[in-house]
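A.B. asks: Given next are the chains, with one letter for each unit.
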Amino acid sequence: MTELSPSNLRQRIAAQPWGLWWIQAHRLTRIELRRNLFSWRATWIYFLAFIPAFIILIHALVDTHPAFQLSDDTNILAGIIQLYYIRLGVFFGCLGIFSRLIRGEMIERSLHFYLLSPVRREILLLSKFVAGSITAILLFGSAIIADFALMYSGFGAAGRDYIFNGPGLGQLGAYLAIVVLACLGYGAVFLLLSMMFRNPMPAAMLVLGWEAINPVLPSILQKFSVASYLRHLMPVKVANDGLLALLTVETEPVSAWAATLGLLLLITIVLLYSCYRIRKLEIRYTTE
Amino acid sequence: MSDQIIFEGVSKFYGEVLGVNRISLSIPPGITTLVGPNGSGKTTIMNLMTGLIQPSSGTISVLGLTPADATEFFTAVGYCAQFDFFPRGITGWQFVLDSLMLYGMEKAMAVDMAVQAIDRVQLGEAAHRKVAGYSKGMRQKIRLAQAIAHHPRVLVLDEPLNGLDPMARAESIALFQELGRQGMHVVISSHILDEVDRISDRVIMVTGGYLIAEGNIHQVRQEVHEKPMQVLVRCDHPELLASKMFAINHCVEARLHADGKGVFLRTKDIDEFHVILNGIAADGLIKIEAIAPADDDASAIYQYLIGSDGSAS
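Sequence order for the protein chains is A and B.
7 is the number that our numbering gives to position 7 of the first sequence; each next residue is one higher, with no gaps.
Here our numbering runs 1000 ahead of the position in the second sequence, where the first position is 1.
Derived from the structure by calculation, the hints contain no laboratory data.
Each hint should be verified, as a subset may be incorrect.
[Unchecked claim] Pairs of lysine to any residue, SDA-like flavour, derived with a Cα cap of 20 Å:
| hint | chain 1 | residue 1 | chain 2 | residue 2 |
| --- | --- | --- | --- | --- |
| 1 | B | Lys1136 | A | Glu108 |
| 2 | B | Lys1130 | A | Glu108 |
| 3 | A | Lys280 | B | Glu1072 |
| 4 | A | Lys280 | B | Ile1248 |
| 5 | B | Lys1244 | B | Gly1284 |
| 6 | B | Lys1268 | B | Asp1236 |
| 7 | A | Lys223 | A | Asn199 |
| 8 | B | Lys1107 | A | Ser110 |
| 9 | B | Lys1244 | B | Ile1280 |
| 10 | A | Lys280 | A | Pro118 |
| 11 | B | Lys1244 | B | Gln1222 |
| 12 | B | Lys1130 | A | Lys223 |
| 13 | B | Lys1136 | B | Thr1071 |
| 14 | A | Lys237 | A | Pro118 |
| 15 | B | Lys1268 | B | Ile1248 |
| 16 | B | Lys1107 | A | Ile163 |
| 17 | A | Lys280 | B | Gln1094 |
| 18 | B | Lys1107 | A | Arg27 |
| 19 | A | Lys280 | B | Lys1136 |
| 20 | B | Lys1107 | B | Gly1058 |
| 21 | B | Lys1107 | A | Glu108 |
| 22 | A | Lys280 | B | Gln1230 |
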């Protein structure tokens, strides 16, 4: 048996076919993107992403937009992002996209083609994760850009001034960053759940409940939540009163960089465990 | 590097249900056919061989490789599984090309190899149509094209002749024989025993998850000692030959051929039988025209070892 010294480890890592793995990952991601983005089955996810944009469009066309209402609309947009996108839209969109990647192919009985290809299973899983993430980010990112543009379009010069000379662009950047992290976070969780359970929906409902009650849990348990990290990154605080207070309350202040790193760490741990699971995965379609 | 497919004490349990039990095998190059009734463990053996499922105990290696190293393993192995499902909305051409692209080759090379594979299974222009509109035989062909497209050294085929019309069946058999002659391992599961006889260099018989016999069909037949071998002797006096054989108390059964120009004789010792027959021929009373084994084919062996109900005797 060879000794696993640091220099041996470096040599072994350097000897791996990284170039081939990169090409395989790139090609797998393209194949998966083709299936994810251009499929009729994804229609409901487009609907989930763009329904707020449609409502805001009606608001922009029908309602008057006096300048003093700009801060109200800014708060409404923050509420849409935090309460709709993070809690529902991205949550269920990612559930649809990421649970299809492995479990969906097992239900369709076509996963074995991938498992019989000359691709390491970890590369396969990570490529599928990347493809799912790109799909979710493209859909929800463009939906949020549309929401943002439509929300301020009715204000004319005041809206343009808020975007280009005020805090508008910064807020848009923060919202996009939140959506990217939300897609990666929920994506990793649902990819894992879809490998662990034949029907990931009950487990997803548990996650939804967990995310809802997370703010009132002890601080150590709050670290196992995607939404709790994202709440700390919101550029506009949503008023925590009324029925929705549970979803917006911030119990323990956390800096933006700590929240981002915490979430990325959570994603990494979930993906590493998913890689372990896919190595053990067996094709037994008769049990699906 | 080994040139064998090796199973060492391999068992597979699906929960408490037995898949296969303590299978030890060594498969050399050539055409090897897995024979057994439905649910006997043929597909389990093939899925174990290709890493789609993992053994509960024992070890498997294919040319010294294991599926843990997917890159090397699946460059050497192609598997045409029995699952008749495809990625949604895909064309046959895209199906073969996508799988070749994952080998990391240039697109031009992948296109060349996809064209060759599709030509080889004679799917023609239909390859550019969506698989969802294919007949069962066309789906079988495109799966076969995908399995052979990267020129594997081991080709595993689960019921590859199912759904093919007689012409396509003959073409596929010719293709398997050609691949076998080229020194490839071709492992086929089949329950069409006539075809097993025609194409196999070796058979592996399984039933109820247990290995019953393996080897060349004639060798396997000779090892079935409890069933005396049947030999057809073509001669001018079949009744006389039968009576002589009974007189020296060698044969256990004799049956005249329907045309009256031969006799089926059952013997427990084929070597001794040939010696006695030579003696009778030398006497000059009976003119022997031909001798041929009458029950050392896959069908007879299947009947003797497994039985028509699928339970091993």
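A.B. asks: Could you run down the list of hints and mark each one as holding or not?
C.D. replies: Going down the list of hints, with the structure as the test:
| no. | hint | result |
| --- | --- | --- |
| 1 | B:Lys1136 - A:Glu108 | 17 Å, holds |
| 2 | B:Lys1130 - A:Glu108 | 16 Å, holds |
| 3 | A:Lys280 - B:Glu1072 | 19 Å, holds |
| 4 | A:Lys280 - B:Ile1248 | 64 Å, violated |
| 5 | B:Lys1244 - B:Gly1284 | 13 Å, holds |
| 6 | B:Lys1268 - B:Asp1236 | 24 Å, violated |
| 7 | A:Lys223 - A:Asn199 | 26 Å, violated |
| 8 | B:Lys1107 - A:Ser110 | 23 Å, violated |
| 9 | B:Lys1244 - B:Ile1280 | 8 Å, holds |
| 10 | A:Lys280 - A:Pro118 | 17 Å, holds |
| 11 | B:Lys1244 - B:Gln1222 | 24 Å, violated |
| 12 | B:Lys1130 - A:Lys223 | 47 Å, violated |
| 13 | B:Lys1136 - B:Thr1071 | 30 Å, violated |
| 14 | A:Lys237 - A:Pro118 | 49 Å, violated |
| 15 | B:Lys1268 - B:Ile1248 | 14 Å, holds |
| 16 | B:Lys1107 - A:Ile163 | 46 Å, violated |
| 17 | A:Lys280 - B:Gln1094 | 29 Å, violated |
| 18 | B:Lys1107 - A:Arg27 | 11 Å, holds |
| 19 | A:Lys280 - B:Lys1136 | 32 Å, violated |
| 20 | B:Lys1107 - B:Gly1058 | 40 Å, violated |
| 21 | B:Lys1107 - A:Glu108 | 28 Å, violated |
| 22 | A:Lys280 - B:Gln1230 | 50 Å, violated |
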